[in-house]
Structure formats: structure tokens, C-alpha cells
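> Read off the chains here:
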Amino acid sequence: MTLPAGALLLVFGYTPMLGLVMAFQNYDLYDGFLHSPWAGFSNFQELFTDPGFWQAFRNTLELFSVQLVLSFPVPIILALLLDGILSRRLRAVIQSVVTLPHFFSMVMVVTIFNQVLGGSGLLDTFLRSHGVTNPPEIMTSPALFKFLVSGQIIWKESGWGMIVYLAALAAISPSLYEAAAVDGASWWQRTRRITLPGLQPIMVLLLILNLGYALTFGFEQMLIQLQAVGPGAAQVLSTFSYENGIVEGNYSYGAAAGLFLGVTSVILILSANKVAHLLGEDGLYRSRK
Amino acid sequence: MTTITARRRKPKRPVWQERPKPVTQTTKSASILVILLIIALPIYSVALTSFSTQASINIAGGMVVWPHGLTINAYKLIAEGGVVGRALIISLAITAVGTALSMVVTILAAYGLSRVGSFGHKTILWFMMITMFFNGGIIPLFLVVSALGGFEQYWALILPSAVSVFNIIVMRAFFMNIASDMIESARIDGASDWKILWRIVLPTSKAVTAVIALFYAVGYWNSWFNILLFMPYDSVKWPLQMVMYSYVTEGMSFPGSGTSNVGQYIGSQQIAPLSLQMAVVTLTIVPILFVYPFVQKHFTKGVLLGAIKG
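Note that the protein sequences, when read in sequence, are chains V and D. In this text, residue positions in the first sequence follow the numbering used here: the first is 20, and each later residue adds one. In this text, residue positions in the second sequence follow the numbering used here: the first is 34, and each later residue adds one.
Treat each hint with caution, since some may be false.
The following label-pair restraints were derived from C-beta to C-beta distances [to be verified]:
(1) V:Leu215 - D:Ala133: 43 to 49 Å
(2) V:Val116 - D:Ala224: 41 to 47 Å
(3) V:Leu215 - D:Tyr77: 33 to 39 Å
(4) V:Val223 - D:Ala126: 39 to 45 Å
(5) V:Trp206 - D:Lys330: 28 to 34 Å
(6) D:Glu113 - V:Leu142: 31 to 37 Å
(7) V:Phe166 - D:Leu69: 18 to 24 Å
(8) D:Thr156 - V:Arg77: 38 to 44 Å
In short, the hints are calculated from the structure, not lab data. Bear in mind the structure is a predicted one, so any value in this text is a computation, not a measurement. Ideal Cβ placement from N, Cα and C applies to all residues, glycine included.
Bound conformation, chain V alone (with noise of 0.2 Å):
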């Protein structure tokens, strides 16, 4: 019953990683895998080289790390927002609009603030009405794309994202609450002593998890803006690869590139996972059991 789903898991997922030996190679079209002439490391010595490549990478760091500090917090505090409020049915409400965004593509949210914040969207025409003569080019600008960015994952995801939350906030007990208030403890002193407290494991546990993906992240979304905003803000490491590999159609350069960061990121996702199970936390998979 296994066997659908691993023929497909063998020509997609197989043999593609046995094709990361032309990274080795100078790959030719017309003599494949098995003939083209072999390279040695000489595709990642020019990689490691390459102003380009580092130039991703930092970008990919960068990118990343604003994004997790600005859109990390913003679930737990809408859950927390949320949790206060009494009615189920506004909660329901609520709940529901903010999910939403998660089921879009990454190409529809960019056009959603394209409309919002480009040039003769929303924003622009509200403040040119308004006597403002030179709007900010929010959706081309490469400083204020690392915000552009972070802004597109938190109107996505926050709403998903608070759900876990949520459900982690229900399952502390209310005898906890009942206790500190009986001793006379104010609403931040119980949300600092027993909220946060409670919320700790499954915070620690997405940061965690979250950092192993920094390096293959937000791969579709630099992708669609990579022509408006420019190399020097939005390429990152997975842009770099498809842009050398696919687009300039060389195809060694890009899997050197790719093979790269499939390395790099399992040592990440295996060492986040480590750090997970070092916590006393299940991470992506569980190692006992």
C-alpha cells in the first residue's frame, strides 16, 4: 500500500539528490548526468568566491533575523488579545478573519500590498490627496524591503500562528488564576507569573524550529519581488541558485549552490531539533519512541 506514494518519492525525491553529482560536473544538456565532464570542487570554489553568492547570504541572514524579531511576537500577543475577550462568538468572529491570509499564495498577498502600498495604490493616492508630493515607494524600496518583508509574513501568518497559542493559553488551568488573584495579584503580574510561564514551552519550541528553515526561507516571496526591488536587497541563498542555475541556465553553478544549502540547512534543522530534545521539548521528529 506503501508503493504509490514511494515510486513517487523515488523519481522526485531520489533521483534529484543522486542529480546533485553534476555539481561536480560542468553539466551539459545534451550528455547528462552520466557523461558530462567531471569538475571537481572548481563549481564551489568560484561559489565561494562569488561577491554574489556572499551577498545572498547575507541577505538571507539579514532578512531573517528582522523578520523572526518583528513577526515573532505579534501571534502571542493577538492570542492574548483575543483570550480576553468574553464573547465566543465575536472571538469566532475574529479568529476567522485573521486566519484568512494563511490560505493565500505568497503571489496573491504581494499583489494584496501592492494595491495597498504601491505606487498608485491605496496608501499612495490617500497621502497624495492629502498634499503629500513624494509618497515613499514602499514596494520597490531596498532599505525598507527587510520591513516590507516582515509586514507580508505578519498579515499571513499571525492569524495561523495565534491559533497554537491559543489552545496553549486554554489549556492553562484557571485554578492558577483563581489562586493569584486571592493573593492579590494584579492582571500583569499574573500574565508575567502564570501566562507567560505557561506559554513558554510552545514559544521556545517555534523559535526553535523556525531557526532551522533560516536558510532556505521566504524563497517565493523574494522570488516574485526579486525585479522590483533589486539582487542587492532581495537575493537570497534559494533565489541565487534558481537565478544562476535555472534562468542563466547554469545548471552546475546553481546545483553547486543548491547542494550548499541543502547541507547547511539539515545540520541546522538536525541541530535546532537537538536543541529542542536538549530542552526537554518533542522537536520536528521524535528521537526516543
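With chain V held as given, fit chain D onto it using these hints.
Leaving out everything else, chain D in the frame of chain V:
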């Protein structure tokens, strides 16, 4: 009786909790309102603009927030055929076929792997899980699919992403939690594995099946990069996301409409290019809105699975 219904309608604040000060209350309501507006206003404006006349768009200077004149001409034009109407049908077909295929493959694999001790069960599980952590990357995949003749073919948009190992593992975890004595007794009564899967396992795991089907469907509906990779040239074959990307995000002009500043005509009325673009965006949202309520009640379960693994 009345007190019970009254309480259900208006849940009480726990006795230990102080009444929030009016300032806190106002700040809270205001921030919730702002959050709702940030999400809803752009979507509303996109939909409204798609129904707006050229005059109305001119008054607004672009995206419409306050309606000045409504028309369904953009949708009429799409219904007449052409690139958008065709893309909509293609997208629906890919989503339907892809989801059906993915579900069959996933259910079979999850059931097979849930029978602990079945032939090679551990090895196959590892064989599958390795692909979650490492893959060949875009370029070898592109070359493999091309070598199999998948370039500019619809199957290239479905088969490479048809199996999600993650979904298999989630579903397997559910299948393993089904009371094993029920399955054992069915087996003693002579039921085959197919019968057990169809009559016992699937009916008892409707929730997880629904959530995973939704994830697959949304995945197919939203997928864009694989179209760019495998079907970059033949715009006649493009699904909706690629049409949206090219004609809306990138602002390419619609075929047959000259430059994007000049609208098309229906009868004697001009169709605003912006309303046509926004109609594409709206049409991409609508199917999501349509399935959303049916599966929403299972979300918490779905997200928790994604985050913690039950």
C-alpha cells in the same frame, strides 16, 4: 432554564477577574478593530474595485474604497473565455485531480505504515522521512522532470509535489490511535485490509482526512513556482496563479488588450483594466472562501498537529 440559556449567550467574567478599566476596554476594542481593518480592508477594496466602472476608478484615483458605480463587466469579459476564464478552469481541474491523487496515495501509505510490523515498515518510514530533511534542490528536479518529458506538461504541476511525507506521518499517527481491538476483531471476521481501511479506519478519521485534503487542495490551488519552473512559456496552459502573477503582479498587459492602460470593450462600454486585474485576484480568493467554513472547525487540531505532532 432561562438562566442557562442566558449564561450560554453571555459568558460571565470569572469572579476573580476585576472589571477592566474603561481605558483598557477602549484600547482593546480599538486595537481589535484596527487589526480586522488591516486584514479586511485590502480584500474588500480588491473585490469592490473588480466590480467598479472606469469612472468610479478614475474618481478614486486607483483602488476603490467607496463605490461610485458598479458593474459586472469585468466578470462578463472573463466569462466570455480568454486567458482568465481558461486559467480558472485549469486551476480547478489541477486542484481536483491533484487533491484526489494525493489523498489516495497518502491514505494508502499512512494505512500501510500504521500496521506496525508489516513488511519493511521501519525501512520504508525512514526512506520517506529522509526526503523531509534533504532534497536535491530545484535544478536536479527540473532536469529530472524535463528528462521524463514533463516540460510544459500538466503532470509536472501535480506529480512532483503529490506526496507530502509530513501529511503521511500525521495521518499515520491518527490511524495508529484507532482502537486496535476493533481492527483485530474485523480481521478475525475475515475482513481484508482494503475493507478495514474503507469501513473502519476512514470513517473513524473524518476530521484528519478533511484537514489534510484541505491542505493539499490549498497547496495545489496556491502553487505558483512550479508553474514558473515547468511551464514558463505556454501562457495558454497557465493556471490562475501564474495568470495573476504575470498580468497583475508584474503588470503585463492582457493578450488582445493592447497596452495595459487601454481597456477592452464589451458592447460600447469600456472595461477598466484595473477592474479586470482585481477580478482575477477576487476569483483566486473565492474558492478559498468557499471551503474555508467547512474545515475551519478542524483548524485547531490541524495547527496543533503541525506544531507539536500528536
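> For each hint, tell me whether it holds in the structure or not.
Here is how each hint holds up against the structure:
For the pair leucine 215 (chain V) and alanine 133 (chain D), the beta carbons lie near 45 Å from each other, so the given range of 43 to 49 Å is met. Restraint check, valine 116 (chain V) to alanine 224 (chain D): a C-beta distance of roughly 46 Å satisfies the suggested window 41 to 47 Å. Between leucine 215 (chain V) and tyrosine 77 (chain D) the C-beta distance comes to about 35 Å, which sits within the given range of 33 to 39 Å. Hint check: valine 223 (chain V) to alanine 126 (chain D), Cβ distance near 44 Å, so the stated range 39 to 45 Å holds.
Distance hint check for tryptophan 206 (chain V) and lysine 330 (chain D): the Cβ-Cβ separation is about 31 Å, which falls inside the suggested range of 28 to 34 Å. For glutamate 113 (chain D) paired with leucine 142 (chain V), a C-beta distance near 34 Å keeps the hint of 31 to 37 Å intact. Between phenylalanine 166 (chain V) and leucine 69 (chain D) the CB atoms are about 22 Å apart, so this pair conforms to the stated range of 18 to 24 Å. The supplied range of 38 to 44 Å is met by threonine 156 (chain D) and arginine 77 (chain V), whose beta-carbon atoms lie about 42 Å from each other.
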